[in-house]
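Colleague: Listed below are the residues making up each chain.
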Amino acid sequence: MYTFSSKLKTFSIILMVLGLLGVGYGFMTSHKSLEEVKTMLSEEVSHHGGGHAAEATHETEGHDNAHAATEAHGAESAHHGDEHAEHVMHQIHNRPYAALYVAAFFFMMIALGVLAFYAIQFASQAGWSPVLFRVMEGITAYLLPGALIVLAIAIAAGDHLFVWMNPDMVNPESEHFDALVAGKAGWLNKTGFIIRALIFIGGWSLYRHFARKFSIAQDNAEDNSNYKKSFRIAAAFLVFFIYTESMMSWDWIMSVDPHWFSTLFGWYVFASMFVSGITVIALVTLYLKSKGHLEFVNENHLHDVAKFMFAFSIFWTYLWFSQFMLIWYSNIPEEVTYFVTRFQDYKLPFLGMVAMNFVFPILLLMNADYKRVPWFVVLSGLVILVGHYIDIFNMIMPATVGDRWFIGVPEIGAVLLFAGLFIFVVFTALTKAPLLAKGNPLLKESKEFHY
Amino acid sequence: MEASKVIHAIYTDDDILMSAVKKVKAERYHIEEIYTPFPVHGLDKAMGLAPTRIAITAFIYGLIGLTVAIVMMNFIMIEDWPQNIGGKPSFSYLENMPAFVPIMFELTVFFAAHLMVITFYLRSRMWPFKDAENPDPRTTDDHFLMEIAVNNNEEALQGLLKETGAVEINLVDKAH
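Protein chains in written order, with our numbering: chain X, 1 to 451; chain E, 452 to 627.
To be clear, the hints were calculated from the coordinates, so they are not data collected in a lab. Small disclaimer: the values here were computed from a predicted structure and weren't measured. Check the hints yourself; a few may be wrong.
[Stated by the list, open to error] Here are the simulated EDC-like cross-link-like pairs (lysine to aspartate or glutamate), alpha carbons at most 20 Å apart as the crow flies:
no. : chain 1 : residue 1 : chain 2 : residue 2
1   : X       : Lys347    : E       : Glu546
2   : E       : Lys496    : X       : Glu448
3   : E       : Lys613    : E       : Glu483
4   : E       : Lys474    : E       : Glu614
5   : E       : Lys539    : X       : Glu335
6   : E       : Lys496    : X       : Asp369
7   : E       : Lys496    : X       : Glu299
8   : E       : Lys539    : X       : Glu334
[To be verified] Each pair of labels, with its calculated beta carbon distance range:
no. : chain 1 : residue 1 : chain 2 : residue 2 : range
9   : E       : Arg479    : X       : Leu351    : 55 to 61 Å
10  : X       : Ser174    : E       : Asp531    : 54 to 60 Å
11  : E       : Val618    : X       : Ala236    : 52 to 58 Å
12  : X       : Thr263    : E       : Ile569    : 38 to 44 Å
Ideal placement from N, C-alpha and C gives every residue a C-beta, glycine not left out.
Modelling step: build the complete structure from the supplied sequences, incorporating the hints.
Modeller: Here it is, written out as structure tokens:
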């Protein structure tokens, strides 16, 4: 049995406390009134020699959803300055919510990606991975709390994140009425959002609960009945997962831009969560092994996990590029605004993430020998994780804070908060069962796995 | 030219072959060649063969393919005749790059794959109408053959090979 070392526990608690302080600071400093924003903007204008005046016009024209809720679109230029200031004020208000949401979603999706990977290992009867099952089970323990937190933040933030949650947008009487959003109200409404989210979270957690239960029951079982049950529920879960994951990505991520849509978005989010999940499996395994808890895991297992990191980094890039290139190539105004805002205001994170999620792993993890070197895998793993955090950042931020983004105290605080919580939950779960799933019929093959 | 002699030891089981290889290596005899009907896992390690470098060549070929694609399209689409085709920005390579990526990718794979295969053929000396170098046709079906050079030590070597479980041991004159 693994015991949660007090050092790591203290570390995770420190992370949470620091994170909470950062998040609190984010919320404290975001309450700017319209007057403050106006003075801030005029200061910026004087600083930049009036360059911003032009930008103000430009912003209201090229404008998408995020502002639609908070701004009358008429743009009768008499009120133009006020409108812009109000718009910026809303973006500033949104920032701590968005920072919190991005970090919460990022850590939730790691657990979900690991759960999908775990189910695939069962459904495909993989012979190499049973020695890692308890690590995966430990990581998926974060799924239930993590997903509920994401849902709670989504509801608490309301139209700070999801403009369609603003009742004015679907009210034809209101000046904020948005026909496009109203047309989608059949799907995008708060009740439906909550019900769907509960179904997703319920289904995932149910699978996780039973898979864990059967896995532990199999440890001392006489026959393979528990294993067979695991196999069946894994196959059923994968079917359920691929539908719910797709819908979850429309609900939880794509709907921050309710005017925009993309058909491969679900896959794209899936690729991101899958590769981050696999990376975290590698990191947790290496940590536990370095502490001497996984003597049955050898470099061949590491090699296989690293191959998955490599392959799914490329898979992610393939989907990212497919989405980007199809939209860039056809250049249809209603969908291309998505990338226009990202390219204008998020150039560094947008292109930096491609380097971190593609160029870096492809060069570092291509060599078979490097995939067997722990510190090398850790290094590339950290780059991949940061890259995928930025990926989620790029999905949420442009719609909520626009060009008012920065990776500062609220963002880092939120990451620390959820990283601490993640470590705490995962390593607590790891202490609950032996680290070797000894009843698994494929265990011997896995222990002697050799590549 | 002097005729040198080799011993052909024939085995019928790959496990026995593997242990024989280890024993012969331990006795510090030089194994000239082993003929098998199918890949025997770990045989190259047991024989002490150097690892292949073909993956490295493939990587280099891939880079060459990528360069060819970039240089070609940069010249054709950007430098030679930067025509406006459907509003695509052919002002610079970077601006129009997403449209070129499918070709960059395919040429990388094309060069890496084909040149690697050709490298493999050249290094393994394989081509059409090449005379087969097979010393015994049974090695393409169900027999394994180990070839060891003889330097006036036939007796000892034959004894050792018999011990390792060879079903047949032939002394062969090999005209050089």
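Colleague: For every hint, state whether the structure bears it out.
Modeller: Verification of the supplied hints:
no.	hint	result
1	X/Lys347 / E/Glu546	14 Å, holds
2	E/Lys496 / X/Glu448	18 Å, holds
3	E/Lys613 / E/Glu483	18 Å, holds
4	E/Lys474 / E/Glu614	10 Å, holds
5	E/Lys539 / X/Glu335	17 Å, holds
6	E/Lys496 / X/Asp369	16 Å, holds
7	E/Lys496 / X/Glu299	18 Å, holds
8	E/Lys539 / X/Glu334	18 Å, holds
9	E/Arg479 / X/Leu351: 55 to 61 Å	58 Å, holds
10	X/Ser174 / E/Asp531: 54 to 60 Å	56 Å, holds
11	E/Val618 / X/Ala236: 52 to 58 Å	53 Å, holds
12	X/Thr263 / E/Ile569: 38 to 44 Å	40 Å, holds
Hint violations for this structure: none, all hints satisfied.
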